[in-house]
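Counting from 1, one number per residue, gives the positions in the sequence shown under full-length UniProt numbering.
Calculated directly from the structure, the hints in this document are not laboratory data. A hint or two may mislead.
Below, a list of computed lysine-lysine pairs in the DSSO-like style, where the Cα atoms sit at most 30 angstroms apart [as the list claims (entries may be wrong)]: (1) 50 to 40; (2) 19 to 95; (3) 22 to 40; (4) 95 to 54; (5) 100 to 20; (6) 95 to 40; (7) 100 to 54; (8) 19 to 54; (9) 100 to 22; (10) 20 to 50; (11) 100 to 19; (12) 40 to 81; (13) 22 to 95; (14) 81 to 95.
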Amino acid sequence: HFSTMEVESLPANALKKEKKIKVLVFCQSGVTADVRILSKNIQSMLPHSKTEMKYGKDSLSGINEVCELRNANRCIFFQVKKRRDAYAWFSCLPKGPSVKFLLENIETID
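Use the sequences and the hints to build the structure in full.
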């Protein structure tokens, strides 16, 4: 908190609110129970996170639209291929980088 004297001496752009980082955490439909529990654990640790219903097995290009509709600027997406290989996608939206991790040993909080 600033005193009145400090606020008057600051430049105008220093008083702008910082944009909160909102993270959308969701899974592809058909993920295993371990991956679903992991996504809930990660979501519970993030302060400004949102959840979304399962995403279909469509292409990954629609994820940006889902995040825009939910006003999220970060995304964590869990994907399972062939019912055994689990992946986690972390991305910054709308143009930011994205990274894909292979999840091998999943240990949940529960």
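Hint check results:
no.: 1; hint: 50 to 40; verdict: 10 angstroms, holds
no.: 2; hint: 19 to 95; verdict: 17 angstroms, holds
no.: 3; hint: 22 to 40; verdict: 16 angstroms, holds
no.: 4; hint: 95 to 54; verdict: 23 angstroms, holds
no.: 5; hint: 100 to 20; verdict: 24 angstroms, holds
no.: 6; hint: 95 to 40; verdict: 26 angstroms, holds
no.: 7; hint: 100 to 54; verdict: 19 angstroms, holds
no.: 8; hint: 19 to 54; verdict: 27 angstroms, holds
no.: 9; hint: 100 to 22; verdict: 19 angstroms, holds
no.: 10; hint: 20 to 50; verdict: 13 angstroms, holds
no.: 11; hint: 100 to 19; verdict: 25 angstroms, holds
no.: 12; hint: 40 to 81; verdict: 20 angstroms, holds
no.: 13; hint: 22 to 95; verdict: 15 angstroms, holds
no.: 14; hint: 81 to 95; verdict: 25 angstroms, holds
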